[in-house]
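Chains A and B are the protein sequences, given in the same order.
Okay, so the first sequence: first residue is 1 according to this note's numbering, each after it adds one.
Okay, so the second sequence: first residue is 1 according to this note's numbering, each after it adds one.
Treat the hints with care, since some could be wrong.
To be verified - Here are a few chain A residues that face chain B, going by a calculated C-beta distance under 7 Å:
| hint | residue |
| --- | --- |
| 1 | Leu8 |
| 2 | Pro9 |
| 3 | Tyr25 |
| 4 | Glu39 |
| 5 | Gly43 |
| 6 | Lys68 |
| 7 | Lys71 |
| 8 | Asn93 |
| 9 | Asn98 |
| 10 | Leu101 |
No lab work stands behind these hints: they were computed from the structure.
Just so you know, even glycine gets a beta-carbon here, dropped at the ideal spot from N, CA and C.
Below are the chains, spelled out letter by letter.
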Amino acid sequence: GESVGLHLPTLSVQEGDNSIINCAYSNSASDYFIWYKQESGKGPQFIIDIRSNMDKRQGQRVTVLLNKTVKHLSLQIAATQPGDSAVYFCAENSGGSNYKLTFGKGTLLTVNP
Amino acid sequence: GAGVSQSPRYKVAKRGQDVALRCDPISGHVSLFWYQQALGQGPEFLTYFQNEAQLDKSGLPSDRFFAERPEGSVSTLKIQRTQQEDSAVYLCASSLVPGGAYAQYFGPGTRLTVT
Numbered sequence: 001g002e003s004v005g006l007h008l009p010t011l012s013v014q015e016g017d018n019s020i021i022n023c024a025y026s027n028s029a030s031d032y033f034i035w036y037k038q039e040s041g042k043g044p045q046f047i048i049d050i051r052s053n054m055d056k057r058q059g060q061r062v063t064v065l066l067n068k069t070v071k072h073l074s075l076q077i078a079a080t081q082p083g084d085s086a087v088y089f090c091a092e093n094s095g096g097s098n099y100k101l102t103f104g105k106g107t108l109l110t111v112n113p
Numbered sequence: 001g002a003g004v005s006q007s008p009r010y011k012v013a014k015r016g017q018d019v020a021l022r023c024d025p026i027s028g029h030v031s032l033f034w035y036q037q038a039l040g041q042g043p044e045f046l047t048y049f050q051n052e053a054q055l056d057k058s059g060l061p062s063d064r065f066f067a068e069r070p071e072g073s074v075s076t077l078k079i080q081r082t083q084q085e086d087s088a089v090y091l092c093a094s095s096l097v098p099g100g101a102y103a104q105y106f107g108p109g110t111r112l113t114v115t
């Protein structure tokens with residue numbers, strides 16, 4: 001859902017379920033996207049990335065889907081585990097620079113045992 | 001090997017004080033980035049170094065913010081005359097290659113609280 005003020009969108013799932021986290025990105029010229037996981041008190045940790053010439057990429061237990069038509073990105077986590085509890089951010093590399101990342105607002109994932 | 005380290009991890013400053021935040025990137029990493037992360041928000045780009053050259057400082061909020069990386073390794077982010085709105089977590093990231101949007105390794109951050 002949409003974030004309001006400082007409140008993060010939240011997703012609560014049961015251990016073993018699949019999780020889907022969504023992100024709307026802003027720049028239609030962006031050609032590279034990354035999902036990061038951030039645990040409390042730590043810096044963001046790379047999960048998976050995708051280039052704009054792809055619409056799907058799979059990693060270990062994670063899949064990223066890219067829909068350029070509606071500027072939407074999603075992260076699917078299979079068999080979610082308590083250790084997956086964290087805030088998840090999507091980031092885009094805007095056209096014109098090969099280094100600058102623009103982060104989304106984040107989604108708080110809580111996995112219940 | 002060691003990841004990106006930052007010090008101090010926590011800093012409390014009184015409004016008007018100057019602070020200096022240190023980042024030790026992964027050894028050999030060419031690119032270094034600073035981000036500011038407000039509570040409940042995603043990180044926001046501040047500045048980018050390639051070796052010792054500061055190639056982009058467009059994200060620095062004001063001229064009170066200054067970053068340097070004199071020998072192309074350790075970097076310091078300095079904030080002069082701190083204000084309450086400067087309270088945030090300051091993240092440093094490094095990357096092996098020039099540019100390196102796709103391979104940034106983040107440190108744990110320094111949480112700055114301005115009272």
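Here's how the hints hold up against the structure:
no.	hint	in the structure
1	Leu8	6 Å, holds
2	Pro9	11 Å, violated
3	Tyr25	12 Å, violated
4	Glu39	10 Å, violated
5	Gly43	3 Å, holds
6	Lys68	18 Å, violated
7	Lys71	16 Å, violated
8	Asn93	4 Å, holds
9	Asn98	4 Å, holds
10	Leu101	6 Å, holds
Figure legend: structure checked against the earlier numbered hints; hints not met, in rising order: 2, 3, 4, 6 and 7.
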